[in-house]
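A.B. asks: Below are the chains, spelled out letter by letter.
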Amino acid sequence: MIKKTLFIIGILFSLSSCVVVKEYEKVNLNDPDMVLGDKKADRNIATAHSYREAAVGANGGKTGGGCGCN
Amino acid sequence: MSMLIAQEQDAEKVYKKRVLETTEVDFISSYYTQDGDNAAVSGGIGTEELTDVTATFIVSIPLNDDDVLTIDAGVSAYTSASSSNVGPFDDGPASPFQASSGASSSDLWSNITGNYAHSSDDRNEIWSAKASVSSEYDYFSLGLGGSYTRLFNEKNTEVSVNANLFLDTWKTIYPTELRPFGANGNGLSDALFNRNTITGNTNYNPNFTEFTDKGRNSYSIGLGFSQILHKNVQGSLSLDVIQQQGLLSTPFQRVYFSDVPDSFIDDFQLADDIERLPDARTKIALGGRLNWYLSERFVLRTSYRYYFDDWGINSHTATVELPIKLSDKFTIYPSYRYYNQTAADYFAPYEAHLSTDEFYTSDYDLSEYAANQYGFGISYTDIFAKVHVSTFGLKSIDLKFYQYDRDTTFSFSMVSAGFKFVMD
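Chains as they are written, first to last, in the working numbering: chain A, 8 to 77; chain B, 765 to 1188.
Accuracy of the hints is not assured; some may be wrong.
[Said to hold, decoys possible] DSS-like cross-link-like pairs, simulated, lysine-lysine; straight-line CA separation at most 30 Å:
{"no.": "1", "chain 1": "A", "residue 1": "Lys47", "chain 2": "B", "residue 2": "Lys995"}
{"no.": "2", "chain 1": "B", "residue 1": "Lys894", "chain 2": "B", "residue 2": "Lys919"}
{"no.": "3", "chain 1": "A", "residue 1": "Lys29", "chain 2": "B", "residue 2": "Lys1093"}
{"no.": "4", "chain 1": "A", "residue 1": "Lys47", "chain 2": "B", "residue 2": "Lys780"}
{"no.": "5", "chain 1": "A", "residue 1": "Lys33", "chain 2": "B", "residue 2": "Lys1159"}
{"no.": "6", "chain 1": "B", "residue 1": "Lys1093", "chain 2": "A", "residue 2": "Lys33"}
{"no.": "7", "chain 1": "B", "residue 1": "Lys781", "chain 2": "A", "residue 2": "Lys46"}
{"no.": "8", "chain 1": "A", "residue 1": "Lys33", "chain 2": "B", "residue 2": "Lys781"}
{"no.": "9", "chain 1": "B", "residue 1": "Lys935", "chain 2": "A", "residue 2": "Lys46"}
{"no.": "10", "chain 1": "B", "residue 1": "Lys935", "chain 2": "A", "residue 2": "Lys29"}
{"no.": "11", "chain 1": "A", "residue 1": "Lys46", "chain 2": "B", "residue 2": "Lys1093"}
{"no.": "12", "chain 1": "B", "residue 1": "Lys935", "chain 2": "A", "residue 2": "Lys33"}
{"no.": "13", "chain 1": "B", "residue 1": "Lys1089", "chain 2": "A", "residue 2": "Lys46"}
{"no.": "14", "chain 1": "B", "residue 1": "Lys894", "chain 2": "A", "residue 2": "Lys47"}
{"no.": "15", "chain 1": "B", "residue 1": "Lys780", "chain 2": "A", "residue 2": "Lys33"}
{"no.": "16", "chain 1": "B", "residue 1": "Lys995", "chain 2": "A", "residue 2": "Lys33"}
{"no.": "17", "chain 1": "B", "residue 1": "Lys1159", "chain 2": "B", "residue 2": "Lys1093"}
{"no.": "18", "chain 1": "A", "residue 1": "Lys29", "chain 2": "B", "residue 2": "Lys978"}
{"no.": "19", "chain 1": "B", "residue 1": "Lys1159", "chain 2": "B", "residue 2": "Lys781"}
{"no.": "20", "chain 1": "B", "residue 1": "Lys1159", "chain 2": "A", "residue 2": "Lys46"}
Since the hints were made in silico from the structure, they are not lab data.
Chain B with its partners taken away, still in its complex shape (with noise of 0.2 Å):
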């Protein structure tokens, strides 16, 4: 009895196949380019010039059959014009629509976030936790999240579910010339206004505090469904659902006050505030993408999403990709994507606020607009791995190109660069 029993375990460890058959190393890189002229640091006016450049390791690790360790590592450096004029007085004449040379020039941000994934023996069940931190100049984040996906009728459908924590807090910096006016501050006696010469209204006499809380917690939930229509054709729903609390604007984005006299320091407006948005958010998305094998050339991608939230703003994303495969080792993406979303509550234009408003933001990343990107990419894919980097294969490189354009003046491209290794 016991020797059948030990045959019937033999029987499983033989067919059980391995989640991932060994280590697998993705390096992806990026290099990202912006500009337009409504700059939320300047209140909705001047240079949004900034370039990112972003490096990430995932290395994905079976540590038995059942069970994988992901370690994802990233730092990602930017320069921004429009960040540097949180202090626009440091060299030369200031203008919202030049760069700076102060210490909000640049920053750099680094994240390692590691997820443990379980699967049970007959792969319908996949458990996973995971933890991150990330740490910025003035942000620090710590995440931890977990999901169950559970498959059934013959794994032709899975359902999802997935809740994400972010514990983080900010180091609140605030515009230059608003500081002498916090606690602490000596007004216009200090140094800033002695080496500077105040134009326009020479009273200048903000109404400023600074932010008490600097915590912001985020908690989300989400629920997927996905399914298999066809041998060919494949679908998925989903909904999220996020809360967001505390802290929720960002201290050195500036408001200007159509009731308020104008200040200037050169060709720089002096702040009458900062942007004040309330202590909550609720966030909801349902989104489905449809996937369909049309031949052997051409596969065709689509998604769309719909977004609400109780600070009025209401968005459409619709994208749709068709890989088409030139060999078996090249593919190339062309891909198109169309975005659109109302304003918040809250936003308005430069000096289109009132000072007797409780919230009021100019941040046009909260304004309304649509935006058509456009993404072209081609991958090279060599599934024996040949090509070597020590224990390392090549087994494949992705390289896309993307340009952003708003209905505005903003605009964005990025370059990326995918790496994915196999080890012998």
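The shape of chain A in the complex, shown without the other chains (with noise of 0.2 Å):
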């Protein structure tokens, strides 16, 4: 496990920028459908999968705590 933690992490940091996208060229980027995280709207689905799926997250459950038991 040591290992593997070690390899995601050299992964994570060994990427850096090749191309700098100037502001005024963001526009595309600053679509709302372009956000990198989880939209509101998706966070009902995303507590369904942290139930009934192993591989959860350290809330067990439901945002913001809760067993996830049921």
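Put the two chains together into one complex, using the hints given.
C.D. replies: Structure representation (structure tokens):
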């Protein structure tokens, strides 16, 4: 597990920027559908996944904590 | 000189954009229903029927140019045929495939989370701190967390670190037939066994002990890295390390041993024990996302996540979503998600564990399976927020439907609706 973790950290920090996109060129990147995180509207389906799948985060089940046991 | 300094300060004030222009309110609601034939409450057999209705308000308030306070409050109410069978002998013939009317057939989860975020003047640094409280009948959770984000390279690159802590406490609820064999119980002399007749092995005598540790602590740390790759493409990587300690078993989930004679009341098999899992677990997840603005009409959103833990579970998740802009107001969201996982080392199906095992569970959420999820959504956006409710303008509506099917008997579906309002 330690080797896997170090490998993952290595990948994460080995990437670096190869281009610089100026602010005035970011109009497409600023489109709401380009956001890299989950959207607020998707939070309940993410909760369902955390309930029914073993590969869940620290809070067991629902956003903000809970046993996720039902 | 002092006038010059004052003018410079005024100039900064003029050009400093507020992090959040006005108060925003999101209302998110969903209806969830599931079914399957492998209920963990009845040891890997029995109905998994469950419905859940959730409603959440998220209010984001700009405190000044730099600081935003977000209050997130929600409730979730469920009714479950599966968990009703914690006590299956309340009324009528008991069966793992029929719901009971016991107190455990429904519950209400409630949560409130407060998050405070501060951005630096140049908007290249963001600090945040949050606290949460959530409660169910048999579970209480207190959460604390914080994060730091740094942007550089003309805001083309972003790195972040976050940490979270959850301090949870169980109110242990055990299957009805095991309670007489716990502390201060009177075994087969209990009224439960006077009211009901045991068949099969009539000398029912489970080797049951109650949990002494009722706490569960979870610690997580996450690293994030995102990068603009092109004026139409951006991606991110994330690493999460999670450590859990304490009572990681669910106290009301039964286990049946193959080397113990079976006892029944009606059609319901009496528990040999409850699931027993180690009191520590380390989880690691690596995720990646890549979003591509294909054209004014199409955006491609993709993600992949690899997960492994020291209970023997390995998992892959891949998602793809293709937002299609039909007009400046309407967008549709077809999506697909694939998920698989290997079984936990401690999982075995109904009647497959041995009483000599140290750890055991028949919870199929810890079994090996693959699942496909198909989704479809539609959103309405009005950037001018013309429709009003009091002083709030309706900015967007999101409607989504998901169908999730495992390669076992389990499936669920969900309908969700989200409404975003902005204050005038």
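A.B. asks: Quick one: which hint numbers does this structure break? Sort them smallest to largest.
C.D. replies: 9, 10, 12 and 18
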